[in-house]
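Visitor: Sequence:
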Amino acid sequence: MAAQHRPTARRIALGHELREMRKQAGMSLEDAVRGLTFSDTKLQRVETGLQDLRSAGDLRKLLSRFGVDDEEEIERLVAMQRTAASQEWWINHTGYMPSGMPRFLGIESAAQEIRAFHPLIVFGLLQTEGYARTRHENGKPIDETTTEFVEHNVRVRMKRKEALLRDEDPLKLWVILYEPALRHVIGGADVMREQYEEIATLAERDNVTVQVLPQGMRGYLPVHDFMILNLGDAMPPAVQVDTAFGASQVADKPKEVGRFSRRFEALSRSALPPEDTPKFLHQLSREIEE
Numbered sequence: 000m001a002a003q004h005r006p007t008a009r010r011i012a013l014g015h016e017l018r019e020m021r022k023q024a025g026m027s028l029e030d031a032v033r034g035l036t037f038s039d040t041k042l043q044r045v046e047t048g049l050q051d052l053r054s055a056g057d058l059r060k061l062l063s064r065f066g067v068d069d070e071e072e073i074e075r076l077v078a079m080q081r082t083a084a085s086q087e088w089w090i091n092h093t094g095y096m097p098s099g100m101p102r103f104l105g106i107e108s109a110a111q112e113i114r115a116f117h118p119l120i121v122f123g124l125l126q127t128e129g130y131a132r133t134r135h136e137n138g139k140p141i142d143e144t145t146t147e148f149v150e151h152n153v154r155v156r157m158k159r160k161e162a163l164l165r166d167e168d169p170l171k172l173w174v175i176l177y178e179p180a181l182r183h184v185i186g187g188a189d190v191m192r193e194q195y196e197e198i199a200t201l202a203e204r205d206n207v208t209v210q211v212l213p214q215g216m217r218g219y220l221p222v223h224d225f226m227i228l229n230l231g232d233a234m235p236p237a238v239q240v241d242t243a244f245g246a247s248q249v250a251d252k253p254k255e256v257g258r259f260s261r262r263f264e265a266l267s268r269s270a271l272p273p274e275d276t277p278k279f280l281h282q283l284s285r286e287i288e289e
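Taken in order, the sequence shown gives residues 0 to 289; the numbers are from numbering that gives the first Met the number 0.
Since no wrong hints were added, every one of them can be taken at face value.
The calculated PhoX-like cross-link candidates involving lysine-lysine, where the alpha carbons are at most 20 Å apart (straight line), are:
id : residue 1 : residue 2
1  : K158      : K171
2  : K22       : K252
3  : K171      : K160
4  : K60       : K22
5  : K41       : K22
6  : K60       : K41
Just so you know, these hints were derived from the structure itself, not from any lab.
Go ahead and model the full structure; you've got the sequences and the hints to work with.
Guide: Here you go:
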């Protein structure tokens, strides 16, 4: 599978570059847009990747205001802006997503490497279709969702997973799963055995590392899941956490990224080594009751 076209990733990268240029020019958001046809609020959304700057003319005016006069550099940024204005593959699914999820998908698509901890369920990019569908089906009467909602979300989940399997530049993934997440039975023994086998198969790939954190471990244990996303040299790393309302929150402040990175490192030291994961999963598969 080839690397995917990533408009949102380009939008985030362009916004980051514009923010850095504005800061180097010593300009506030208000100063940057003075006399232009859009507001400082829109520029702030552009800089954070929440909105694309559809007009190449507006981009050129901003670059001129920031003192960028190298034509090759300008053309590079205009080409990035053109790509950023394209639609993403998940556009037809956004009506079935929680708040903040579309933007997170764009950030995830830009990631070169993800480190994640999940204490309650199998991490999303490792889930089988059967596991994912059963989870959503179980939640239908509680969250008052529909069969259509389930189908859209399962398709999105499986499409996201392709990043691990593509031939060109596959996503690097390092996941720590808390033992209760693996022991919590979803959909019965057959679904769980298939899920254990899928994790073991993915863990054989050079770009995937899976560790299990034993339930009997002592020491530091966060109560929430989190992801740390390395977005390459063009963008700062980011941290993603889910909220109880189903929203996905993302932060790229160095202090927050550093805090969650230390959390991950502490968990990794307490977890079983990756080479023990297949044996652990095999044992779980044998223990599970019909």
